[in-house]
Amino acid sequence: MVLELRDICKDYARGKMKVPVLHHIDLSVEEGEYVAIMGPSGSGKTTLMNLIGCLDVPTSGKRILRGEDLDGLSDDRLADLRNREIGFVFQAADLLPGMTALENVALPLTYRGVKKKERLQRAKEMLERVGLGDRLDHKPNQLSGGQCQRVAIARAMVGNPSLLLADEPTGALDTQSGEQVMELFHHLNQEGVTIIMITHSSEVAACAQKTYLIRDGRIQTGGSR
Amino acid sequence: MIENIGLSIQGIWNHKLRSLLTMLGIIIGIASIIAIVSTIKGTNEQIKQQLIGAGNNVVTVQLSQGDSPFEMQYTAKPDGVPVISEDTRTRLAQVDGAVDASLYTQRTYVDGLIYCGNTGFSGTLRGIDSHYFGVNGYNVYLGRGFSQQDYDSYKKVAILDQSAAGSIFPGQNPLGKVIEIKQEPFTIIGVVALSSTYEPKVETLEDYYTYVGNDSGAVYIPSAQWPLVAQFDEPQIVDIQAATTDDMTVVGKDAAEIINANLTVKQDSNIAYKSNDVLERARNLQQLANATNQQLVWIASISLLVGGIGVMNIMLVTVTERTREIGLKKAIGARRSRILWQFLTEAAVLTSLGGIIGVLTGIGLAQIVSRVSGSPTAISVPATALAVVFSMLIGIVFGLMPAVKAANLNPIEALRRE
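Just so you know, the sequences run in chain order A and B.
Read left to right, the first sequence gives residues 37 to 261 (the working numbering).
Read left to right, the second sequence gives residues 54 to 471 (the working numbering).
These are calculated hints, taken from the structure and not from any lab test.
Hints may be right or wrong, so weigh each one.
[To be verified] Over the 12 Å line for every Cβ pair with chain A, so calculated as not near, a few chain B residues:
(1) Pro-122
(2) Pro-131
(3) Phe-222
(4) Ile-355
(5) Arg-391
(6) Ile-392
(7) Ala-460
(8) Pro-464
[Claimed, not checked] Far from chain A, by Cβ distances over 12 Å, these chain B residues were calculated:
(9) Glu-56
(10) Trp-66
(11) Leu-74
(12) Lys-130
(13) Gly-190
(14) Leu-369
(15) Glu-378
(16) Pro-429
[Stated by the list, open to error] Some chain B residues judged to face chain A by a derived CB distance under 8 Å, without partners named:
(17) Gly-59
(18) Ile-65
(19) Asn-67
(20) His-68
(21) Gly-165
(22) Ala-325
(23) Arg-377
(24) Lys-383
(25) Ile-465
Yeah, the Cβ is synthetic: ideal placement off N, Cα and C, and Gly gets one too.
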């Protein structure tokens, strides 16, 4: 089991009102699974992603990542967990503009204290794996949207995380680049990477093995195809 | 850390204009402080140098009555003050920090003492021993110096310094000419000049009295001839050359003590040898100059404060601009402390750079001031180092608040920002 959510609730305080966003969510993701979480905007899927990604804490419920209970962990411990266990891919690739593709990919390893030489070597291998071995020294503004997103995926993957967490990774891409990125996810999953994909598009969700539909903060359907 | 510094420099380079404007306050502050400090230091060196002369580090120990020198030409020789013997001179030359000592007697500005034909010369007349020129840094420029024979056989010979030669024999070769001292003919055998020429810079009347005083030239005769032109057994003045400028005060005091031990003056007569402490005079003048300049430094410091606030302002803007970057870094595992350090380093690098530019500008400014006003400047190395360190501290102090703000950003909020 990579991830287990048990009876997760999340409320936001808006003034004095408590606005519930997630209601009693149960979710478990096995090693090597490719899970899509689908829902319209405002359904709570981003909140769910933040909870899975150790960026936020639930109002109640239990989260277990790789056997570790995430309750009450310190800020620094959570940062380390994000660094080691989770690879984020956001809608906008969010590469640092001043750095080359190689340096961008190597960034998470910096936070882990990996030596520069090894860091760049691993980043290079990872970029080759996503098919950008010839773009190592390009800055983000010299890369296309699809390429940027692949660099972002390489950055997410460089630390061998337990979980690749993608939030609308194709949302900002044209169809063709989107397809290429989806292909890359598929490919990574085939190599054994566990993926959770947050999306509102059923087309994207269709690539996953399991799709959960989330609506008004509740998981409505779940199942494999 | 080194990487952080590298990234910061890159960031500064990417925003050249903004960085320059941010640094401006620091640059102006540091530059004015460096300029002021350099000018102060230059002025101080000047005061010290002008009072002490060409750096021969000579301290004069002279018989004094109270605080003023005992004037032999007006008063009779005081009782109980013996002539300083050659043995004592040797002891004086061996005082800690002393190089050599010379004994001499002198008359200053005595009209009718020296004549050349019908023209009088009212400079200084000195009866000197064989150490005098060495101690005071004179070289024989024309002719020769006094030989042992001149002393032993009471030769009536004289040596002029350059200004005396110039005023008594303008445009002529003085060698072999005869001058009359107290109606006695003395043959000029040489002209001496300071080995390191040093011209005090005189701009005001005050400068003139402070630095130049009695520079109308001097005529030297062997000390053996002194009884002929003045009196027997006149107690001498001692010039002691110290090894360094800073030794001068101590050497002078020690020497005075040795000489005073031989005095048998009455208890209440307040006659004693005293060292003419130019260093102390220099210090007094320096303090005066420092006091005014210190206030200028405070005013310049305000510019540093303003500069610091400017840095804080721009760092806050930077944090806001880079909110998303901070969110992303946190998402991929940057700890809070890392974000904090990143921004602190950036602020510190920015202000340090401003400090370095400021120091260079300040040095340039000091040179300009020196050119325009003619006063010298001296770059103070500790002051420049301090300035750079201080500007770095400004970055850390004023960068702290923005850095803390960045470190405490909630990654969810930060990532939501476009």
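Subject >> Index of numbered hints that the structure contradicts, given in increasing order >> reply: 5, 6, 7, 8, 9, 10, 15, 17, 18, 20, 21, 22
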